[in-house]
Every structure is written in structure tokens, then in C-alpha cells.
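Enquirer: The residues making up each chain are set out below.
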Amino acid sequence: MLAKRIVPCLDVRDGKVVKGVQFRNHEIVGDIVPLAARYAEEGADELVFYDITASAHDRVIDKSWVSRVAEQIDIPFCVAGGIKTIEQAREKLAFGADKISINSPALTDPSLISRLQDEFGRQCIVIGIDSYYDESTDSYKVKQFTGDEAATKDTQWYTQDWVEEVQKRGCGEIVLNVMNQDGVRGGYDIKQLSLIRAICDVPLIASGGAGTMEHFKDVFELAKVDAALAASVFHKGIIDIGELKQYLHANNIAIRL
Amino acid sequence: MTQQSVSSSNDLTVIIDTGCANLSSVRFAFERLNANVVVSADFDVIRSAARVVLPGVGTAGAAMDALKQKNLIELIKSLTQPVMGVCLGMQMLASLSNEHGGRSEQDITCLGLVPTDIGDLDSKGLPLPHMGWNQIDVGDHPLFSGIENGSYVYFVHSYRAPISEYTLASSTYGESFSAAIGKHNFFGVQFHPEKSAKIGAQILQNFLNMGTSQ
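Top to bottom, those sequences are chains A and B. The first sequence begins at 1262 in my numbering and counts up one residue at a time. The second sequence begins at 17 in my numbering and counts up one residue at a time.
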């Protein structure tokens, strides 16, 4: 049976892993390669590296660490950050990334998704979506350039419409990051994730809000996502990945132990 | 020539340079096992290797075009040492693939080394691609020596080889399909051993243990 995936996310800024609360006030957590190796050893199923400064500052991620991660770890990993062209994507993949994740540049130019899919196949094209609940209109909307508070802006996209659009254009996986929940550890947004699951035919990764082991159980059982991404609970040692996987296994969730 | 140098010159693992994306990941995985490994599209280097890896990511049409451009098709077919395809590399060992990748309407002619046809994975409504860690049931091929049924390995694909007499290992996602196929010295795995943690490393080590005694 296909296992549910536990995916630590390492936000990268200037070559270091950082973590902020609701995308602000980033503090340094540690070096990339040792953290990646530790998570792989502890049982992480996959890793995601987001260079959160890349799009906002109009530069591409420093790729030297991509190769160093690929040399040392034996689980899949995805690289995100400012990839706007086929050549930039090819470079990340050639350095050993298994997937590339596109967020802000896909909103600027949605045709990028189809072009990447034509070139590399949909299996390595992940779309990251930063979604927030807009209370005034009681709807879910997409934000762009969230890596830098000053550059962050609203888009015209409702989250459901954008999820449909990126699938039509050929993405292979979606990471839905619910911004209202990010870094506050109050639990995944089950309601929103269930809504998106119903219209998502590609693998769906939940992101934002994990605080307890029960939150992971809930998001797999109730929102039926394929994978759950989290950062601070792992970086701060609040949840041990090995214990989490034992807990989920004991609760009859398909998990690779 | 000493015994030592004979064995080392005969122990080269060559990854065929198909120009595809997962070349370095496959190389790194063998290097973690301290294997003597090179990436090459050179006729003589490939032919004299102890064992050969055919990697592949992308679409069958693009990958076969790359082999054609590099004049590697007849060479690969003529190899007598162990040859292992990985992911799309496994699919390229088959006869045909219906993964067109927008290049043509016709099925793609593959290497024809394992007589089976690649078609769509029928996930019965589960999300596609089939992406993530899934369990395999293995036969008695030396590639799976020491690997228990139910072991998890990492898959990413939307096409598959059906279960057939050439199935060496199977998995299930909606339908049962071949997680590995093989015939004679040609075999391949649908999953990514280079990304499958300790189980994957064991499978790659098993591969390194082949082709050493001729």
C-alpha cells in the first residue's frame, strides 16, 4: 500500500535553514546538509527546500548545496525558489533534485507549468500554493511573493480555481500551504484541505499548522492528503519523526517504518 | 598483471549518459556504496563494463530519441553483462510504450529486450502520478537477495509494465503492476533504488555483486 509521506520542509535563506512565524521574523535553524541527513536518518520520506528569498529578490537559488544534498541523502527531495525558465529547472534536476517546485513564477506566467511538463514530465513538477482564508469574502485566495513580507501581494486567483488551472497545465503534485495556519501549530486546515482534495487528482501535500502528532493523523484521515509537510515542530524537536511514524502506524495509517 | 588490478579493471559500473535528469542521483548512490562508477556514452567504455545502468527520467519518446542520437541502441542490445534499467530506463527495455509525450500519435518503439508493453497505470481513481513509498513483493532474482516482501521503495510514474512472465517484483496502486521486469541479463526496476534509503542501497549493492565473476 502506498504510504502517507512525512515531509520536513527546510526554508533556506542565504544558504542556511531558517524558520519564521507566519512567514516573518526568520531565525536561523542550522546548516542544510547536516539537517537533511539527520531527517533522512530519522525516517523522513522526502524533503522540501524552499529558498524563500529567491522569487522576491529576483535571483535564483545558490545551487551548490543542491548537489551536496544529493550526494549525501538517499531519499527524494524537491527544490523550490525562483525557477522561471526551462534551463534553470534543468540545472536543479541535473544537480540531483528529484523535483522542482514552482510558486510565484507560475502565477506570473502560468505557461511555465506546461513548458516544464513538456520538457521533464509532470512527475517532477510541483506547484506550491500559498493560500489564505479571506474573512471579508469568506473565500480562499492565493498570495504571491510570500518569501518577503514587503513584496508579498494578493493575486486575482481563488485557490480552487488556481488548483484546477495548475492541474490542467500539467503539474504532478500540489503543496497547499495555508498561510493563516503557518508556524502557529494549531493544526492543519482540515476544512480547506478537504475542499481542495476533492478537486485535486494529483498527489496533494498539506502544509501549515502542524503542532502535535494528532494533527498529522487528522490530516491523513480527514483530509485524505498524500503527504504532510511541517517545519518548526521538527526543527525545534517538538515532534520526533520516528515517534510520529510509530504513532501513525499504531493508528492504522499506512506508513513506512 | 596482478590479481588486484584484474579485478578492479573488471569491476567498473557504467551509467549510460542518456542526458536525462537523474544521472547524478544514480551516480551518487553508487558512490555511497564505494563503487567504481562512471557516467559515459562511449562505445568502448560501455562495452567493457562489468555492469551497465540505463537511467531515465522524462518521456519514453524523448529518451529513445536521445539513445538514437548517441548511436547507443544497437550497442545496448548487444551487451552481455548485467544491464539494469531504472524507472524510465526499465520501460525502455520493453518492446513498446504508449507514452508519447506529445511527440507523436504512435506508440514508441523501445529496445525490445524484455517482451512486454508499457501502458497507462490504472490507478482506479487514486491520484496520479503514483508518487511515494510503496511496498514490493519480490521473486528470487539476485537483485532482490535479502529483500523482504512488503519492503517500501520510492516510486514516481504514471505508466507501467503489466504483470507478466517477465515480472521480477510487483507492487499495487489501483492495479497490480511490475515493480521490476527482466529477461536474461537485462532487467529493470520501476522504482528509484537511488532514492529508496536502505532498501534501495541493498538492491544497488546486490546489482554490484553481479557481473563480478565472469
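A hint or two may mislead.
Claimed, not checked - Think about it this way: if two alpha-carbon atoms lie no more than 25 Å apart in a straight line, the pair counts; the simulated DSS-like pairs of lysine-lysine are:
1) A/Lys-1345 - A/Lys-1452
2) A/Lys-1429 - B/Lys-140
3) A/Lys-1478 - A/Lys-1452
4) B/Lys-140 - A/Lys-1485
5) A/Lys-1345 - A/Lys-1402
6) A/Lys-1402 - A/Lys-1414
Stated by the list, open to error - Distance ranges between label pairs, derived from CB positions:
7) A/Ala-1412 - B/Asp-136: 49 to 57 Å
8) A/Asp-1415 - B/Asn-201: 53 to 61 Å
9) A/Thr-1346 - B/His-157: 25 to 33 Å
10) B/Ser-56 - A/Thr-1346: 23 to 31 Å
11) A/Ala-1412 - B/Ser-161: 36 to 44 Å
12) B/Glu-47 - A/Asp-1415: 45 to 53 Å
13) A/Ile-1460 - B/Thr-96: 26 to 34 Å
14) B/Ser-161 - A/Asp-1399: 52 to 60 Å
15) B/Pro-131 - A/Ala-1412: 26 to 34 Å
16) A/Gln-1333 - B/Ser-94: 35 to 43 Å
17) B/Pro-158 - A/Thr-1416: 50 to 58 Å
Read the hints as simulated data drawn from the structure, not as lab findings. Computed from a predicted structure; not experimentally measured. Glycine included, each C-beta is placed from N, C-alpha and C at the ideal position.
Enquirer: All the hints need checking, so say for each whether the structure fits it.
Expert: Hint check:
For the hint linking A/Lys-1345 to A/Lys-1452, the alpha-carbon distance of about 32 Å lies beyond 25 Å, and the restraint is violated. For a cut-off of 25 Å, the pair hint linking A/Lys-1429 to B/Lys-140 stands: about 20 Å separates their Cα positions. Among the hinted pairs, A/Lys-1478 with A/Lys-1452 is consistent with the structure: their alpha-carbon atoms are about 15 Å apart, no more than 25 Å. A distance of roughly 16 Å separates the Cα atoms of B/Lys-140 and A/Lys-1485; the hinted pair therefore holds under the 25 Å criterion.
This hinted pair checks out: A/Lys-1345 and A/Lys-1402 have alpha carbons roughly 22 Å apart, not beyond 25 Å. For the suggested pair A/Lys-1402 and A/Lys-1414, the alpha carbons sit about 11 Å apart, so the restraint of at most 25 Å is met. In this structure the hint that A/Ala-1412 and B/Asp-136 lie 49 to 57 Å apart at CB is violated, the actual value being about 42 Å. Roughly 59 Å separates the CB atoms of A/Asp-1415 and B/Asn-201, a value that falls within the hinted 53 to 61 Å.
Between A/Thr-1346 and B/His-157 the Cβ separation comes to about 42 Å, which falls outside the hinted range of 25 to 33 Å. A hinted range of 23 to 31 Å holds for the C-beta pair B/Ser-56 and A/Thr-1346, which are about 29 Å apart. Distance hint check for A/Ala-1412 and B/Ser-161: the Cβ-Cβ separation is about 54 Å, which falls outside the suggested range of 36 to 44 Å. For the pair B/Glu-47 and A/Asp-1415, the beta carbons lie near 47 Å from each other, so the given range of 45 to 53 Å is met.
The hinted range of 26 to 34 Å is not satisfied by A/Ile-1460 and B/Thr-96, whose Cβ atoms lie roughly 51 Å apart. At about 59 Å, the beta-carbon gap between B/Ser-161 and A/Asp-1399 stays in the expected band of 52 to 60 Å. A C-beta distance of roughly 56 Å is found between B/Pro-131 and A/Ala-1412, which places it outside the suggested range of 26 to 34 Å. The hinted window of 35 to 43 Å between A/Gln-1333 and B/Ser-94 holds, with their beta carbons roughly 36 Å apart.
For the hinted restraint 50 to 58 Å between B/Pro-158 and A/Thr-1416, the CB-CB distance of approximately 54 Å keeps it satisfied.
Hint check: violations occur at hints 1, 7, 9, 11, 13 and 15; the rest are consistent with the structure.
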